[in-house]
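Okay, here's what each chain looks like letter by letter:
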Amino acid sequence: MRNLKNQEYDLTATLFVQELLYHPSSILTNTFEISDNGQQIGCATLPYLPLNCQLKDENLEVFNPKDPELIQKLTSDALHDIEFLWENMQIKKIMDVFGPERVFVS
Amino acid sequence: MKEKEAFFLSDWSKLFDTREIDLLMSVAPNMTTSLQGKKPISQELAEEIKAVASAILKLNKIEFNEIEDVKQLKDLGPKLYTGAIQSALKESFSESKKKKLQSLVERMLSSDPQSLPNLEELRINDAGIRASINSIAEEINQNQAIGTRGASQSGLEEVKQETATRSPTLACLVFER
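These protein sequence lines map, in sequence, to chains B and R.
If you're matching positions, the first sequence starts at 1 in the numbering used here and goes up one per residue.
If you're matching positions, the second sequence starts at 107 in the numbering used here and goes up one per residue.
No lab work stands behind these hints, which were simulated from the structure alone.
There could be a bad hint or two in this list.
[To be verified] From chain R, some residues computed to sit far from chain B (all C-beta separations above 10 Å):
hint, residue
1, Glu111
2, Glu174
3, Lys185
4, Ala190
5, Gln192
6, Ser193
7, Glu212
8, Gln220
9, Ser221
[To be verified] Derived coverage of chain B by chain R (criterion: at least 3 residues anywhere in the stretch with Cβ under 8 Å from a Cβ of chain R; other residues may be distant):
hint, stretch
10, 64 to 71
11, 75 to 81
Beta carbons are placed, not taken as given, at the ideal position from N, Cα and C, and that holds for glycine.
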């Protein structure tokens with residue numbers, strides 16, 4: 001059980017850092033730190049919001065979902081990331097968790 | 107400000123559930139398998155392409171599950187499914203300038219793998235936008251230098267406090283053992 005927890009920890013921490021490395025231009029590098037004996041890893045990034053927050057709050061418009069240019073950008077960017085995960089990280093079941101809550105706009 | 111907008115898939119660790127960890131741990135470190143570096147084709151990403159289109163519908167307050175229910179009805183065939191998609195999209199993308207997009211989303215949702223758009227069609231050239239994001243990041247890094255931190259345990263708290271009053275977001279992973 002302990003081994004599984006360690007594996008979980010290693011995998012989660014690895015994916016978290018890999019994700020940060022994937023977005024180097026969004027990270028405020030000098031704020032990155034690991035603390036509390038490795039229990040906390042964090043950094044400041046450029047501001048971003050999940051797309052589903054406008055589904056929850058009618059008054060909040062994160063972006064206009066009827067704008068064809070933005071929809072094309074969303075499609076292009078999301079598939080860019082999916083391709084990367086598929087090709088380089090061998091993550092194949094992306095659609096199982098894919099939804100507006102996993103897509104962010106900066 | 108619109109040219110700065112960029113979309114990305116986040117929380118990679120959520121892409122896994124605990125049941126898959128054993129498998130992943132045996133696969134993930136070994137990045138020399140034959141699949142690595144192999145470019146996928148749209149047919150291999152059919153479910154993901156459909157999920158992106160479904161997210162677009164959801165954002166336009168169109169429930170894709172209802173359309174999927176039509177697909178499940180036996181003896182009705184794919185024609186009714188296509189009709190349901192066209193009708194749903196018409197509401198949101200009916201204007202002439204959106205016709206091209208309507209057709210693209212329609213094909214993304216197609217039940218026929220051969221009708222799926224290829225990945226090139228789904229890409230846009232966003233080099234300019236990415237350059238713009240890079241310059242904003244550089245500017246923030248220069249102007250909002252928060253200072254180099256050691257490994258002090260209170261460091262993250264300071265970042266949390268500082269980011270609360272500034273524009274950046276805090277990406278943080280906290281483990282409980």
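10 Å cut-off, C-beta based - R:Glu212 kept clear of every residue in chain B = holds (13 Å)
Evaluate the condition: distance from the CB of R:Ala190 to the nearest CB of chain B exceeds 10 Å.
-> Non-interface label on R:Ala190 holds, nearest chain B Cβ at 20 Å vs cutoff 10 Å.
Claimed clearance of chain B by R:Ser193, with the beta carbon kept past 10 Å | holds (17 Å)
Interface exclusion of R:Ser221 relative to chain B, criterion Cβ beyond 10 Å = Label holds. Min Cβ-Cβ 16 Å, cutoff 10 Å.
When you look at the beta carbon of R:Glu174, is every beta carbon of chain B farther off than 10 Å?
-> Per Cβ check, R:Glu174 is outside 10 Å of chain B; nearest 13 Å; holds.
Since R:Glu111 was said not to touch the interface, does its Cβ keep a gap of more than 10 Å from each Cβ of chain B?
-> violated (6 Å)
Given as non-interface: R:Lys185, which should sit over 10 Å from chain B by C-beta = holds (25 Å)
Within 8 Å of chain R's CB atoms, at least three CB atoms from the stretch 64 to 71 of chain B: coverage verdict | Contact hint for the stretch 64 to 71 of chain B vs chain R: holds, 5 residues under 8 Å.
Least C-beta distance between R:Gln192 and chain B, which was stated to exceed 10 Å | R:Gln192 is indeed farther than 10 Å from all Cβ atoms of chain B, at 17 Å.
Holds or violated: is the Cβ of R:Gln220 farther than 10 Å from all Cβ atoms of chain B?
-> holds (19 Å)
Between the stretch 75 to 81 of chain B and chain R, see if three or more residues pass the 8 Å beta-carbon test, and mark the coverage as holds or violated.
-> holds (count 7)
Hint 1 alone, counting from the list given before, is not met by this structure.
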